[in-house]
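K.L.:
Take the sequence shown: its letters are residues 251 to 1256, numbered as in our numbering.
Keep in mind the hints are simulated off the structure, nothing from the lab.
Misleading hints may appear alongside valid ones.
Claimed, not checked - For each label pair, taking beta carbons as the anchor points, the in silico distance ranges come out as:
{"no.": "1", "residue 1": "GLY543", "residue 2": "ARG402", "range": "46 to 52 Å"}
{"no.": "2", "residue 1": "PRO636", "residue 2": "THR577", "range": "24 to 30 Å"}
{"no.": "3", "residue 1": "PRO636", "residue 2": "ALA781", "range": "40 to 46 Å"}
{"no.": "4", "residue 1": "GLY508", "residue 2": "GLN1232", "range": "46 to 52 Å"}
To be verified - In silico DSSO-like cross-links for lysine-lysine, where the CA-CA straight-line distance does not exceed 27 Å:
{"no.": "5", "residue 1": "LYS663", "residue 2": "LYS638"}
{"no.": "6", "residue 1": "LYS1190", "residue 2": "LYS1222"}
{"no.": "7", "residue 1": "LYS653", "residue 2": "LYS750"}
{"no.": "8", "residue 1": "LYS1247", "residue 2": "LYS526"}
{"no.": "9", "residue 1": "LYS923", "residue 2": "LYS981"}
{"no.": "10", "residue 1": "LYS368", "residue 2": "LYS386"}
{"no.": "11", "residue 1": "LYS922", "residue 2": "LYS875"}
{"no.": "12", "residue 1": "LYS1069", "residue 2": "LYS653"}
{"no.": "13", "residue 1": "LYS653", "residue 2": "LYS663"}
{"no.": "14", "residue 1": "LYS663", "residue 2": "LYS1190"}
{"no.": "15", "residue 1": "LYS1069", "residue 2": "LYS580"}
{"no.": "16", "residue 1": "LYS1184", "residue 2": "LYS1168"}
{"no.": "17", "residue 1": "LYS609", "residue 2": "LYS1184"}
{"no.": "18", "residue 1": "LYS1025", "residue 2": "LYS922"}
{"no.": "19", "residue 1": "LYS750", "residue 2": "LYS779"}
{"no.": "20", "residue 1": "LYS875", "residue 2": "LYS785"}
{"no.": "21", "residue 1": "LYS1184", "residue 2": "LYS600"}
{"no.": "22", "residue 1": "LYS763", "residue 2": "LYS785"}
{"no.": "23", "residue 1": "LYS981", "residue 2": "LYS959"}
{"no.": "24", "residue 1": "LYS1025", "residue 2": "LYS959"}
{"no.": "25", "residue 1": "LYS580", "residue 2": "LYS1222"}
{"no.": "26", "residue 1": "LYS580", "residue 2": "LYS1184"}
{"no.": "27", "residue 1": "LYS609", "residue 2": "LYS653"}
The beta-carbon is built from N, C-alpha and C at its ideal position, and this holds for glycine as well.
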Amino acid sequence: MKHSKTCLFVVLLFLSLFGYSQQSAIQTNELADYHRALDLYNNQQYLAAQALFDEVQDEVDDERIEANCAYYIANAAIRLNQPGADKLMEDFVQRYPTSTKTNAAFLDVADYYFETGKYSLARKWYDTVDQRNLSKAEKERFYFNNGYAYFRANQPEEAREYLNKVKDSKEYGAQAKYYLGFMAYEGDDYEQANALFEEVEGNERYEEDLSYFQADMNFKQGNFKEAIRLGLEQLPRADRRDKSELNKIIGESYFNLGQYEEAIPYLKEYQGERGKWNNTDYYQLGYVYFQQGNFEAAISEFNKIIGGSNAVAQNAYYHLAQSYLKTDKKQQALNAFKNASEMDFNAEIKADAALNYAKLSYEIGNSYASTPQVLMDYLEAYPNSPAKDEINELLVNSFITSKNYEEAMRLLKGNRNFQNNVVYQQVAFYRGIELFNEGNYREASEYFDMALSERRDPRFTALATFWKAESDFNLRNYPEALVGYREFAGMSGAQGASEKENLDYNIGYAYFKQQDYGRAGEFFNRYAKDASKEKSRRTDAYVRLGDSHFVNSSYWPAMEAYNSAIALNGSQNDYAAFQKAISYGFVQRNDTKIQELTDFLRKFPRSPYRDDAAYELGNTYVAMKNTSQGMEAYNRLIRDVPGSPFVPQALLKQGLIYYNNDQGNQALDKLKKVVADYPNSAEAVQAVSTARLIYVDMGRTDEYAAWVKNLDFVEVTDADLDNTTFESAEKQYQANNTAAAITALQKYLNSFPNGIHSVQANFYLGQLYFREGNKQKSIPHYKYVIGRSASEYLEQSLARLSEVYLEDRNYFEAIPLLKRLEQEASYPQNTIFAQSNLMKSYLEGEKYSEAVTYAEKVLANPDAEQAAKDDAQVIIARAAMRTGNEDRAKRAYAEVQKTAKGELAAEALYYDAYFKHKAGNHQASNDVVQRLAKDYSGYKLYGAKGLVLMAKNFYALGDAYQATYILENVIKNFTQFPDVVQEAKQELARIKAQEAKTNASVETNN
């Protein structure tokens, strides 16, 4: 049978070859090309093979070979990564659905994509494979590749489904178990992971990774010793990435075992995730340094923990604070304790941090909140704290030591549980002193009354009594001031008080202001004769003693007192010399008077009393019948001080002298000048009356009538009624009957709007409205006085009206008045007032050069008080800062810092810190900011600005934690200063962007 079958096969083959001999000959070339193309494909020369397959496909007339060519063309396109390669394969499947290569094509393409690492494309093609037609080997490859592709796509469920099918495979089993173990490891199923890893132990391919995973799993299961053993075993042969991770495992295992010294080198070698550490990494290294007592190193690590809000961060901030305390960095400790105390993850740490924060706030001050508030908050949060008594004692002291008396009073008034009346009395007193120094005498008086309502401490009772009297004196409540001074003098608590030093002087003034010159003289005399007293006050006491004698017509004692004042060579020499000269006239020593007045005008050519002296000299010459010398003195007054209120009087006197000497025309010239230049004045009315007499004497009455007809002020015939009406109103004014005075003066002006006394009446009304606080109503009355000719009320009206405009920040209206006041002021204090407010007004108007010019005038003025000079230096400094001249600003603020108090001192201190920061003296700058927080906590703007500066300093010093924490607190706590908050936000964003480069925990989307 075997032989027959062989013969039959040969016959059939022969017949086949014979029947198709012609066709085979035709296809010989195509088949040869096909096989050449196949060889090229098998040799991975895909492009050449693809081209040849394409030629064969076009020429061959065999569907099977044509299908094969389409398959290899598509397969080559995939391997060559040609566009549309997938489409070629899909077209092949559609065109040749019965091809034996269809399933193989799917598998082959999927395998190709798998081998080239394109796992998502591989899975796409694996999904098209018909598993039923696969061999066992192909199925295993199919399962493993599919499982691995899902593993790489992070789809563990699908990966497990396929890998579990080949975990017992001889070829793929080890790989499948490794990846199944790895997925169990990633899913924290360490038991399963260990079981699978143990099955592939000894496989060199996975040995390195398995050691790392096993070390990590032991670490995560708390088997720290085993984790260390495995980690140390693997470390020498690990690659760079695994070496970093192994160092972390070993270091953290030692950390958890409390073997801190052993942990340090391994924790330091950790490189972080993608080259960045996180807050926990910094905490662990910081903590091991802390445990080793290396506090500087601990700080260096802890302060890199930024923006943490978890238990690790709270623990880190607490130990950071402890490290700062150990290195005597109390400001830094304050911030860290504050941060830890505001977290709720560990109640014990929170409470202890809060206690330390409260105690440090008392010790060094606090820029975020007043120290009493911090202490009260602690007692409220921890009413049963073992430290309750200690904190209560600090609280009592803090109301005084914090120096923020306004805030302290608010807390004392609002805390019913606080019953320490001694502290209440002291704080009320100190708040009163603050207000007094600010010139707010009315409110200061109220606080002194509060202090006196709790007479617990004799010393503070006495001091409050004295300063209440001082406030009353400044408020013109002279009788009440006198009572206060006298009460203070008899108090036991006044003994040793510096306020008692000048008490006689103060009492003398209280009597003097009440026109009780006899009693005033007694006290001024007693004070002035004490050579130990301060020179300027002694000088003033002698002057006022002289005035008291002078008013009481005791001219020889007055001259003696004035001589004593002159001997002290003080700032009032000109006044004393003038008064002494005048006194000689009252004791019939006119020759001496003339000599003294002449010497005065020579010695004091710029004195505010030079016009008084010139006028009085003229009067004295006239009284002695020496009219030529008198006329010369009057001319000197008119020429040298044209704005003086004595000018119209001098002109009137000259007119009368000419009239008495029968020089009618010359007399009329002088009288008409009075009327023309000084209408609505008493001198003008008298000039008209005198001119009438001259015109009558000269028989020129028609000329007189024509002249008078054109005058727009009061008719001469109404003068008596005018005087009578005004005198009635003036009496109410002088008696301080405010309401009645306003009514009477307004009635006078209604009747005589341009009357003889209209200037004086308007001035009185302006003063009354100003004193009553109705300052807007005072404006038209002061304007009236200023708009008329020179008068004795002009200077004060200029000062008062400019003050009204300054309070309203109406610098446009204030500046012209202040400039005029500066030029026309007779009194030094008005000159200083004008110059100091001109410098402030120009600064507000951004006219910096003018502001500096006037500030320099104030500094050069010997009569300027220290407060005015401080203001001037500040103006120079602010102008310099705004024009970029920081060197000059630095010098000016340094001068301010020597003497300033209150807000100016806070400003100067802030800029001291600012300039130190600019110079790179960051620690010194921070020391100044800390002084600012402790001594000037009531001035919140400079406190907030100082904190921003402190944050910049800390960052420059390498303390990112302090910098970011401070800035975050500025943003949260100082919303009332938007400019400062904006600066803090910008600085915080800059720092966080920088820190995010090395700390993976830092978020920068602020």
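K.L.:
Measure nothing beyond the straight line between the CA atoms of LYS653 and LYS750; if it is 27 Å or shorter, mark the hint as holding.
P.N.:
24 Å, holds
K.L.:
Verify the CB-CB distance for PRO636 and THR577 against the hinted window 24 to 30 Å.
P.N.:
Cβ of PRO636 to Cβ of THR577: about 27 Å, so the range 24 to 30 Å holds.
K.L.:
Has the given pair, LYS981 with LYS959, been kept, meaning a C-alpha gap of at most 27 Å?
P.N.:
Judged against 27 Å, a Cα distance of about 33 Å means the pair is violated.
K.L.:
Range first: 46 to 52 Å. Now tell me if the beta carbons of GLY508 and GLN1232 are that far apart.
P.N.:
At 47 Å between Cβs, range holds.
K.L.:
Between LYS922 and LYS875, is the straight-line Cα distance small enough, at 27 Å or below?
P.N.:
Holds - the C-alpha atoms of LYS875 and LYS922 are around 25 Å apart, at most 27 Å.
K.L.:
Taking 27 Å as the top limit, are the C-alpha atoms of LYS368 and LYS386 close enough?
P.N.:
Holds, at roughly 24 Å.
K.L.:
Holds or violated: LYS609 and LYS653, Cα atoms, limit 27 Å.
P.N.:
17 Å, holds
K.L.:
Is it true that the C-beta distance of GLY543 to ARG402 lies inside 46 to 52 Å, as the hint says?
P.N.:
49 Å, holds
K.L.:
Is the straight-line distance between the alpha-carbon of LYS580 and that of LYS1222 27 Å or less?
P.N.:
22 Å, holds
K.L.:
Holds or violated: 40 to 46 Å for the Cβ distance of PRO636 and ALA781?
P.N.:
Distance hint for PRO636, ALA781 is violated at roughly 60 Å.
K.L.:
Holds or violated: LYS1190 and LYS1222, Cα atoms, limit 27 Å.
P.N.:
Measuring from Cα to Cα gives roughly 14 Å; hence the hint holds.
K.L.:
CA of LYS663 to CA of LYS1190, is that 27 Å or under?
P.N.:
21 Å, holds
Consistency with the previously given hints fails for numbers 3, 9, 12, 15, 18, 20, 23 and 24, ordered from lowest to highest.
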